[in-house]
Structures are given as C-alpha cells and as structure tokens.
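Chains as they are written, first to last, in UniProt numbering: chain S, 1 to 470; chain U, 1 to 470.
Heads up, a few of these hints could be off.
Which copy is meant is left open, so a pair is good if it fits within one copy or across any two.
To be verified - In silico DSBU-like cross-links for lysine-lysine, where the CA-CA straight-line distance does not exceed 30 Å:
| hint | residue 1 | residue 2 |
| --- | --- | --- |
| 1 | K293 | K214 |
| 2 | K126 | K303 |
| 3 | K436 | K18 |
| 4 | K315 | K398 |
| 5 | K452 | K66 |
| 6 | K214 | K436 |
| 7 | K436 | K452 |
| 8 | K315 | K293 |
| 9 | K325 | K33 |
| 10 | K315 | K265 |
| 11 | K60 | K452 |
| 12 | K436 | K64 |
| 13 | K64 | K397 |
These are calculated hints, taken from the structure and not from any lab test.
Protein chains: 2
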Amino acid sequence: MQISGKSAIQELIDKLGKDIILTTKEELIPYMKDASYIKGKMPLAVCLPENADQISSILKICNKFKINVTARSGGTSLTGSSVESFDGIIISTMNLNRLLELDLSSRYVVCEPGVRIDILNAELKKHNFFYPPDPASSRASTIGGSLSTNAGGLRAVRYGATKEWVLGMEVVLPTGEIIRTGEYTLKRSAGYDLTALMIGSEGTLGIITKAILKIEPLPETTAKIMGFYRDILSVGKSMDTIKSQGITPIIAEFMDLPTINSIKKAMGIEVPAYTQYLLMVDIDSAPEALERKLASAKDIMGKFSEDVIVIRDQKRMDEIYAARKGAYSALLEQRDNSNQLIVIGDVIVPSSQLADALGQIEGYARTDGLKTTLFGHIGDGNIHANIFMDNTEEGRKKMAKLQMDIARVAIRHRGSVSAEHGIGTEKNELLYEEYKERNSLYTLEVMRLIKKAFDPNNILNRGKIFYEPD
Amino acid sequence: MQISGKSAIQELIDKLGKDIILTTKEELIPYMKDASYIKGKMPLAVCLPENADQISSILKICNKFKINVTARSGGTSLTGSSVESFDGIIISTMNLNRLLELDLSSRYVVCEPGVRIDILNAELKKHNFFYPPDPASSRASTIGGSLSTNAGGLRAVRYGATKEWVLGMEVVLPTGEIIRTGEYTLKRSAGYDLTALMIGSEGTLGIITKAILKIEPLPETTAKIMGFYRDILSVGKSMDTIKSQGITPIIAEFMDLPTINSIKKAMGIEVPAYTQYLLMVDIDSAPEALERKLASAKDIMGKFSEDVIVIRDQKRMDEIYAARKGAYSALLEQRDNSNQLIVIGDVIVPSSQLADALGQIEGYARTDGLKTTLFGHIGDGNIHANIFMDNTEEGRKKMAKLQMDIARVAIRHRGSVSAEHGIGTEKNELLYEEYKERNSLYTLEVMRLIKKAFDPNNILNRGKIFYEPD
C-alpha cells in the first residue's frame with residue numbers, strides 16, 4: 001500500500017497541482033479526528049478540490065491505484081465515518097460551498113456539499129422558508145455530511161429526517177463517472193431511487209457534489225411547553241399519549257437532571273427541586289388556534305407531571321433551543337478528567353415503546369456502573385445515552401457492554417441501533433446484531449452487493465458500515 | 001423457454017399444489033391486461049400464494065429454470081408494468097391482504113401488499129388517522145402496486161409521494177431469500193436504504209410481502225376554492241404564485257373543458273360559459289384560521305380568473321373529490337369509437353415552470369392533431385395529457401410522437417417524464433431520453449448494475465424500466 005500510495009499521491013499532485021493536495025504532517029493531523037471519540041489513521045494526503053471534475057480526476061487515480069478514499073465535509077461525525085480507517089487519502093468537500101439556486105414556488109434550493117446547515121437556513125429565513133433537518137451540530141455540520149448520514153435533529157418529529165428533503169443530487173462515483181440522480185420536481189417515478197440510496201450511505205457509494213433540497217415555509221407561530229418530572233416512565237407515557245391523540249409537536253425533547261444542570265444557565269429556567277427529568281414540547285399552529293392546541297398538549301403532560309409551564313416569547317424559545325443544541329458540548333465540562341471521553345449513543349424506538357424502553361435503558365445505565373446521561377429527540381423516539389468513558393482498555397470494554405445493552409433494549413422494542421448518527425466504524429457490530437436479531441442477516445449481504453456494484457475495488461470509505469478487519 | 005417453462009410449471013404445482021397455480025387459458029387471459037392500453041403476453045401460469053414462504057419457493061424454482069416472473073396486485077398499472085412482456089409467470093399478491101397491526105402513537109400500520117388503499121383508509125378513519133398517498137385508482141389499487149410505482153395522487157402536493165410514507169418492508173428477493181428492510185421507527189441511519197430502493201422499482205428487484213407504513217392525523221378542516229379560467233397560462237401563474245407565497249394546498253387540481261364536461265354532472269357545479277380551465281385548490285387549516293387562509297389563496301386566484309367560488313360543505317367536497325378521481329374513466333366515454341384507446345400521460349415540472357410548460361404542452365396537443373385532454377395534480381407540477389389514440393400502426397406512431405413532444409417539454413423545464421405512474425414498458429425510451437438530455441446516461445447503467453446485483457438471472461419483471469429487445 002505504501003509504495004502505490006506514494007505513486008498515487010505523486011500522480012494526484014501532477015494532475016491537480018500542489019495547492020489542493022496537502023501532504024505535510026501538520027496539515028494532515030487535524031483530519032485524524034471528527035466529533036466522536038474515535039481516532040482515525042493519518043491520511044496519506046488530503047485533497048481540497050473545488051468542483052466535481054477535480055473529484056472525478058482524484059477518484060480515477062485512486063481507483064487505478066486502489067487507494068482508499070474518505071470523503072469529509074464538516075467533520076462532525078459522531079461515529080468515526082469521516083476519518084480514515086486504513087491507509088488512504090481524504091477528500092474534503094469544504095471548498096464546494098456555494099448556494100447555487102433558490103426557487104420558492106417549486107420549493108427547492110440547490111447547493112454544494114460544503115454549505116453549513118445554519119448558513120443555508122439564514123439565507124432561507126429571509127424568504128420565510130427553511131430547510132427542516134436540524135442536527136444539533138447545524139452550526140458546523142454541512143449538507144454533504146448530513147445527507148451522508150441521513151441526519152435527523154430536533155424537528156424530525158414533525159418533518160422527518162434528511163431523506164425526506166432531498167430531490168436530487170450530482171454524485172461522483174468511485175470509478176470517476178459523474179452522474180445525476182433525481183430531478184427538480186417534488187415527486188418522480190422514473191427508475192430506481194438512487195438519491196435515496198445515497199442518503200445515509202456514509203460516503204461508501206459516491207461523493208455528493210451537488211444537492212437539490214426541498215424547502216418548507218416557516219411555521220406561523222410556535223410556543224414551548226415544559227414539564228418537570230420525577231421519573232422517566234411518566235416522560236415516556238406523556239409522549240406516547242400526545243402522539244396517539246393525534247398531536248404532532250414540531251419539537252419534543254427530554255433530558256435528565258445532569259443534562260438539565262449542564263445547560264440550566266443557558267436555558268435560563270427555574271427547575272423545581274424534585275425534578276429528575278424535563279420534557280419540552282414545542283407546538284406550532286396558526287396563531288388563532290395556538291392556545292387551544294397548547295391546552296391539549298399541556299393537559300396531557302399535566303397528568304404525568306406536577307409542574308407544566310408555557311413559554312411564548314420567541315427570544316426565550318430561541319435561547320432554550322440553542323442551549324439544547326449545545327447539550328453535548330456542555331456535558332464535556334462534566335467529565336471527571338480531560339482524558340475521559342463521551343460516547344454519545346443514538347438508539348430509537350417507536351413512540352408506544354418509549355416508557356418501557358426508557359425505563360430499561362435507565363436501569364442498564366445504573367447497573368453497568370458508568371456515569372451516563374440521557375437526553376434525546378423523544379418525539380420521534382430517539383434516545384441519546386451519553387456514556388462517560390475512561391480512555392483505557394477496561395473503560396472501553398465497559399462502554400461497549402453498556403452500548404450493546406442499550407442497543408439490545410432498542411432492538412427488543414422494535415427499534416434500531418442508529419437513529420441519526422450513522423454506523424461509521426463505531427456501530428458495525430451493533431448493526432450486525434440488529435439484523436441477526438431480526439433473522440435477516442441477508443439484508444447486510446444485499447448491502448454488500450450494492451457496495452460492490454458501485455465500488456468494485458472497495459476504495460470508498462472502506463471499513464465504514466460493514467465490519468472489515470485490517 | 002417453452003420446455004423449461006413446462007418443467008418449471010410442473011415443479012411449481014408439485015411444490016405448491018394445483019389450487020394456487022392457474023394454468024388454463026380462461027384463467028390466464030384476465031392477467032394479460034392492466035389499466036393501460038398495453039397488452040401483455042399470456043402468462044405460462046398465474047400463482048396465487050398466501051404468504052412470503054410460498055413466494056420464496058416460487059422464486060427459487062423460477063430462478064433455477066430462469067423463468068420470468070411478474071408480480072401483480074391490483075393490476076391498475078398505467079404503463080404496462082403488471083403484465084408479462086416475455087414468456088413467464090405472474091405472481092398475484094392479492095391473497096396477501098391482511099391489515100396486521102396499527103400503532104397510533106408510533107404512527108404506523110403494518111399490512112400486506114394486496115390491501116387496497118381505500119380499505120386501509122376506511123380502517124384508519126375510525127381513529128382519525130389516514131395514509132396520505134391517494135392515487136386516483138385508490139378504490140382498486142393496492143399497497144403493493146402503489147409502493148412499486150411510488151404512486152402519488154391528489155394529496156402529494158402536501159404530503160409527498162409514497163416514498164415518504166414507508167418505514168420498512170419484508171421483501172422476497174428473486175433468489176428466494178426473504179429479507180427485512182427498515183424498521184418500525186420514524187427515522188433510522190443504519191446502512192443503505194433498501195426500503196427506498198424498492199419503492200418505484202416496479203417489481204424488478206423483489207416482491208414486497210409486508211409493509212410498515214407511516215400514518216398521519218386527519219386534517220382538522222378543509223375547504224375548496226374553485227377558479228374558472230379562460231387560458232392555461234393563468235392557471236399556471238395562479239399555482240406558481242400560491243406556492244411562492246408559502247401557501248401549500250392539501251390538494252390542487254386543474255382540468256380542461258373536455259374533462260370538466262365529462263365529470264360536470266358528478267361534480268354538481270355550474271361552469272361559467274367562458275370557462276376553458278378549472279383550478280381547484282383545497283386548503284386545510286385549524287378551524288379558527290380557515291377563513292383567513294382561504295382568503296389568501298382566493299385573492300391570488302382572483303387575480304388570474306374572473307370567478308372564484310368557495311365550497312365549505314364536506315359532502316359536496318367529497319363528491320367533487322370522487323368525481324375528479326373518476327376523470328380517467330369518464331374520459332373513456334368520450335372516445336370516438338370503442339377501438340380507440342386512451343394513453344394517459346404523466347409528466348411533471350417544477351411549479352415555477354408550470355405556466356410556460358402548460359402553454360407548450362397545450363400547443364403540441366393542438367398541432368400534433370390528436371384529440372387530447374389535460375388535467376393533473378398541478379400543485380406538485382404533475383400534468384396528465386390524455387391522448388385519444390386510434391388503435392392502428394399510424395395511430396400509435398402519432399401518439400408516440402406527441403408523447404415524446406410532451407416529454408421533451410417536461411425535460412426542458414427541469415421536469416421528468418414520469419411523475420407517479422412509473423416506466424413499465426411504456427416509457428423506457430422516454431426515460432432514456434431524459435437521462436440523455438441531462439448528459440447522465442451512466443445513471444441508467446448504475447441502475448442496471450443494481451438490478452444485476454439483486455437479480456443475476458434477470459427473472460423479475462424483465463423488460464420493465466430498462467429497454468430490452470425480445
């Protein structure tokens with residue numbers, strides 16, 4: 001690999017020029033990390049192309065030399081999917097960062113993969129529109145990465161995950177061909193849905209160089225209900241009841257006491273002394289109907305909690321939204337020492353299973369003896385269990401056991417081991433477990449067949465999704 | 001083919017029993033037609049399995065003998081995708097017709113492919129929920145067929161097409177393996193989205209034996225605005241303006257005068273004498289805000305039309321909805337003779353392109369000299385041009401030219417040659433044209449690679465989507 005690696009890098013430089021190929025150690029080190037606890041290998045080079053043609057040239061060379069390639073944009077992956085697992089190069093798409101077109105009537109925006117989600121939404125807001133998927137990392141994360149992981153976020157309870165918001169793409173295949181998938185239209189029935197196949201494929205099938213995204217008018221008004229709870233079962237039951245009565249919040253988040261404490265100041269709220277859990281439910285509505293809709297949700301929450309308050313002030317709501325989005329970063333402050341790492345879990349169950357599943361997850365977090373905090377997008381059943389892990393072999397083992405225990409709770413409750421973060425190199429085993437438990441391991445085989453059809457030399461983001469020994 | 005065909009049928013009978021294998025001519029003839037003008041070949045046999053295991057057995061036998069297999073449920077395809085194009089058998093999934101589970105909180109229903117859409121919705125209505133995709137054929141069409149073609153329908157302007165409403169599936173692959181895709185959860189990021197890949201694949205990749213469908217609470221109230229227009233450009237401009245001002249109707253349909261005339265009685269409306277086109281826009285809302293929302297849309301329509309009326313009575317609205325759904329059948333009455341066939345076109349363009357595209361389509365319909373009527377789900381840009389075709393070689397040629405002319409209008413306006421009916425055997429050439437014009441023929445190659453990975457012997461619904469000479 002090293003020798004062909006060197007010739008490949010030389011050919012890349014010859015073809016594309018030194019300026020967009022980084023090769024010195026200091027330049028490469030930052031690309032060994034993403035937002036997860038996983039450390040990648042030092043890449044042989046990092047390419048910074050500016051267009052699809054350059055990416056095509058890079059992939060043709062790498063395919064010829066069978067050099068691994070990992071695509072990376074914002075680098076906010078929480079499962080190690082944007083770092084190299086083997087010897088190989090990284091292609092950063094951060095220089096493809098233009099908003100190309102906006103069509104309000106047709107409800108689409110066209111942009112490149114390096115556009116950060118908050119930047120896109122700041123532009124759309126000028127027109128009273130928005131792009132709904134909003135991973136907590138939206139300040140830093142990009143369209144490219146969020147498409148590649150089918151990112152969810154706070155508003156997925158209402159608007160669904162990323163897959164529901166992509167109409168088409170331009171993609172460079174590992175063999176260098178540039179293809180178009182999908183169209184500028186809101187629906188289409190014209191052959192296989194390659195757009196959908198690319199979403200959540202974590203850079204293993206192709207590199208996205210352009211995306212046609214669906215946009216939505218901003219909701220007219222919203223207000224936030226906060227309920228304070230003594231126990232987690234009541235939180236789960238509240239959500240289950242709200243959903244089965246036909247109420248669909250625009251946001252529904254829960255968090256445990258350690259999480260509340262870490263962002264209480266930023267949220268600027270008083271928390272009753274008995275509180276163990278907080279449930280926040282945002283309701284959107286035409287202004288004329290807001291109070292009636294709030295009352296329905298508030299009544300339900302009031303049956304399971306002692307105190308329920310309503311916040312109507314937009315600025316206060318924005319602050320709380322921002323504080324919640326910063327919860328993962330805030331938890332870093334609560335580590336026992338700076339060597340400790342936080343593993344952010346990401347399982348999901350159907351709403352009706354929430355109470356039972358949350359109870360069991362809380363139980364495992366207690367009995368496995370690792371400091372763990374819970375929060376998540378409870379409206380769609382997404383639970384993040386954040387495990388504080390000692391960075392030792394013993395610590396990793398304990399973490400892996402708790403993570404598997406929680407994954408099994410999700411699987412037993414008809415859920416999945418990954419809701420919105422993807423598989424990366426972190427969850428290959430958990431994914432295998434999910435399909436094994438479902439008696440459907442052949443599903444993974446079919447995925448491998450597709451991978452092989454796209455990428456016969458297995459150069460794209462090798463080691464991600466599928467377990468592969470070095 | 002004939003000899004191996006015979007041995008294969010014998011093996012099917014030996015394995016599954018005579019009762020579920022039809023082989024006499026009288027039994028087979030009905031399976032040579034679907035709802036389109038296309039006539040299929042007489043199948044060698046029709047299998048009526050009752051579960052996935054039986055389908056797996058059938059596919060294993062057919063794969064061994066390399067016998068073509070076409071899956072069929074309601075048989076309402078408008079592009080010939082549910083009839084045999086070669087020598088082969090048909091598997092009807094109409095005996096897999098159970099509603100298996102309903103979970104309101106988690107917002108899903110589990111059902112088998114033979115369930116008719118209206119039957120499903122009648123059940124869901126009892127709980128104030130519904131399954132949004134509503135092809136005009138929903139009385140007869142099934143979950144299996146509508147998933148296989150990514151069906152749209154009247155409500156797709158608000159709720160999107162079928163692909164946005166499927167969480168998971170059980171699928172029998174052409175090689176006989178039974179796999180599960182997706183999960184019971186509202187989002188997931190766990191490997192390739194095989195569920196999405198199956199949707200719209202028209203039975204070429206596998207046979208769906210179970211589906212987990214997302215459901216939605218019924219809208220609180222709706223009302224219908226009807227605008228009468230002198231010209232089609234004004235219809236297009238109305239829709240474009242409504243959408244760009246952030247209004248998303250729950251239904252938005254247009255129709256030309258011949259279509260109006262064919263369903264006027266069923267709709268029970270008075271039509272001003274100058275009328276050439278009708279635009280119907282349904283607005284849904286919380287009851288408190290309905291009048292305000294109606295006024296916004298009505299104002300816009302009033303700028304482009306002379307008369308705009310509002311219908312608030314639910315029974316009247318239901319009648320009009322049913323009449324519109326019957327438009328295709330009603331047009332059959334307007335044929336010059338019973339040998340004439342109607343080819344229902346199905347292109348789509350982005351909203352902002354509607355006025356211009358509709359104008360051009362109307363122009364071609366006039367100059368190509370074939371009786372043609374226009375209607376469609378204009379809210380999402382979907383235009384059905386219904387061509388009255390003489391069933392002669394000359395007639396077919398003229399029809400094919402007009403269909404290609406209209407397809408090219410759609411392609412030039414950033415649209416697609418198929419919105420919601422699929423490709424079948426009718427549109428292989430149009431699909432090729434679309435990718436050729438986009439300079440992306442390799443997209444079709446990638447689809448072929450996927451087909452090969454799933455179906456190495458090319459036994460499933462051969463000849464559909466991809467052009468293949470006999």
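Structure-based check of all given hints:
Taking the closest pair of Cα atoms, K293 and K214 come within 30 Å of each other both inside a single copy (27 Å) and across two copies (23 Å). Proximity of K126 to K303 under the C-alpha cut-off of 30 Å is restricted to the inter-copy arrangement: shortest distance 26 Å between copies versus 40 Å within a copy. When the C-alpha separation of K436 and K18 is checked against a cutoff of 30 Å, the pair qualifies neither within a copy, at 47 Å, nor between copies, at 36 Å. Taking the shortest Cα distances, K315 and K398 never come within 30 Å of each other, neither inside one copy (42 Å) nor across copies (63 Å).
In this assembly of identical chains, K452 and K66 lie within 30 Å of each other by CA distance both inside one copy and across copies; the values are 14 Å within and 24 Å between. For the identical chains of this complex, K214 and K436 are inter-copy neighbours only, at 25 Å across copies versus 35 Å inside a copy, given an alpha-carbon limit of 30 Å. In this homomeric assembly, K436 and K452 come within 30 Å of each other (Cα to Cα) both inside a single copy, at 22 Å, and across copies, at 25 Å. Taking the shortest Cα distances, K315 and K293 sit within 30 Å of each other both inside one copy (21 Å) and across copies (27 Å).
Taking the shortest alpha-carbon separations for K325 and K33, only the intra-copy value of 21 Å comes in at or below 30 Å, while the best inter-copy value is 56 Å. For the identical chains of this complex, K315 and K265 are intra-copy neighbours only, at 15 Å inside a copy versus 54 Å across copies, given an alpha-carbon limit of 30 Å. Both within a single protomer and between protomers do K60 and K452 lie at most 30 Å apart by alpha-carbon distance, with minima of 16 Å and 23 Å respectively. With identical chains, the CA atoms of K436 and K64 are at most 30 Å apart between copies only, with a shortest distance of 27 Å across copies and 36 Å within one.
For a Cα distance limit of 30 Å, the shortest separation of K64 from K397 qualifies neither inside one copy, at 39 Å, nor across copies, at 47 Å.
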